[in-house]
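Take these sequences, add in the hints, and give me the full structure.
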Amino acid sequence: MSTESRGAAPAHRGSFRRTLAAMVAVLVVLCTGLAVLTLGQGPRLVRSDIDADGVVQLTQQRLLMHSNEPLAEIDAEQVSVTPSIPLKVATDGNTLSITFEQRLLYGTDYVVSVSGVTSPFHEAASTFDYSFTTGSPPLYYLQKGAPDAVGGAADAIVRTTVSGTARDVVYSAPRIQDFAVVGSSLAIATETDDGMSQLVLVAPGQSAVETLPLPTRGTITQLGSSVKQAMLGFRFTGADPADGYSNTLLLFDLLAKHTSFTLPGTVIGEPLQVDQWRFIPDSTLVETTADGVMSIYDSALQQGAVIGDYDDLGEVAPAGAQSVIGGQGAFHVLDLLSGEVSPLKPILPEGAIPVGLPLLGPDDTTTVSVVSVGAVDGTTRQVVVRSDDGGATVIFDTASAEARIVSVTQSPNTQYLAIAVQPRTGAEVATSLVDRSSGAVERTLTGLRVTWQ
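Going by full-length UniProt numbering, the sequence shown opens with residue 1, and the numbers climb by one from there.
I should point out that these hints are in silico values taken from the structure, not numbers from a laboratory. Just to be clear, a hint being listed does not mean it is correct.
Unchecked claim - Distance ranges between label pairs, derived from CB positions: (1) P264 - G164: 29 to 37 Å; (2) G308 - A403: 32 to 40 Å; (3) S338 - S207: 44 to 52 Å; (4) T216 - Y130: 50 to 58 Å; (5) D92 - D291: 50 to 58 Å; (6) D311 - T237: 16 to 24 Å; (7) Q60 - A305: 44 to 52 Å; (8) S207 - T133: 31 to 39 Å; (9) D291 - T259: 22 to 30 Å; (10) P86 - V441: 22 to 30 Å; (11) T108 - V406: 23 to 31 Å; (12) A403 - T165: 18 to 26 Å.
Note that the structure is a prediction, hence the values are computed from the model and not measured. C-beta atoms are modelled at their ideal positions from N, C-alpha and C, and glycine is treated no differently.
Structure follows, in structure tokens:
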């Protein structure tokens, strides 16, 4: 029996060797096939990161596309974005960074495709595809005599959106004069029983209200803010001339102590007095006019520079590098980087008379203007005109000789215009939210001072 066992052992060992060799051969084929497949398919997109709300509120926001392996350099021509938007691209290791140079549209589906994506280690190419939907940040407006104001107060600050019918009263008080969005809070100026102003800071959704100290009893006008710098400003006039505040620009740095400060005026030892003023967005700079002279001040450095003889301030262009100013009976564009001033001559319908300063579009070439136009019966009415190289197009018509356009502002991404209209003298103001491109009225709000967050 033992002799039979010894004779069978070599046969078993031979079978095992043949099986092992076959398995090794199969594994070699599989590994080779996987290697060939990997080398043939190119880099693979594993994750993408984007702030869907930030891209509609700020410029220079990024989409980060992460690969499973290092990436070779990618040109902007390889990137397609629908709807189209100016962009820059950069690669860093396994990550492709796409920077959007303008704010994106609200509530819009974007499709991004990157072709010819390769690795430095092999030539196989692939395509990265990604889609996302942008957010629709809230907007605020002031409604005088709001029926749902809390506690029977006459006025309300309301939060809502461009589309839909959502309505949220975030603050109510008698005689609200003005408000400004600053960071995640609202600064609200109200009139007291004795005709003076009070300034409070509230956070939507919270019950706490902070009263900001004013240097003396007085009145507030031209309330404004620099959202990114968490700064607040307004023109202040004291009740008693002896207090030394007459159209004085007061500023609050809400990242520091919640106390006001002034800028040095043209007269040594006196604070800066202004006719008009505004923050240059996302900075500590302010533009001012006083006695027909325009200046720019750095509120952090407490220094200013005279621009020239201009007496009217419009809005800063969406890109943040230019602002519209008026003077000597004409419109001009101020380059905020160089300080150079150039003429601005919007194309208008024949016979139209401009009312106020125009707004610059996202590419700094298109404009939106309020103009007065004549009818065949000899009456005139106000309309809003969008102008570009192709001519002028009426995108909003009051259709009434009695109606007056109180103000026109645009959303930060210029997608919408907020056109406030008083249909006749003494009537309640209503604000239409109008698509800047098509002229379609998305929604009409009973109120004014529409401000996007």
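To see whether the hints hold, each was checked on the structure:
| no. | hint | in the structure |
| --- | --- | --- |
| 1 | P264 - G164: 29 to 37 Å | 48 Å, violated |
| 2 | G308 - A403: 32 to 40 Å | 35 Å, holds |
| 3 | S338 - S207: 44 to 52 Å | 48 Å, holds |
| 4 | T216 - Y130: 50 to 58 Å | 57 Å, holds |
| 5 | D92 - D291: 50 to 58 Å | 52 Å, holds |
| 6 | D311 - T237: 16 to 24 Å | 19 Å, holds |
| 7 | Q60 - A305: 44 to 52 Å | 26 Å, violated |
| 8 | S207 - T133: 31 to 39 Å | 33 Å, holds |
| 9 | D291 - T259: 22 to 30 Å | 28 Å, holds |
| 10 | P86 - V441: 22 to 30 Å | 28 Å, holds |
| 11 | T108 - V406: 23 to 31 Å | 29 Å, holds |
| 12 | A403 - T165: 18 to 26 Å | 25 Å, holds |
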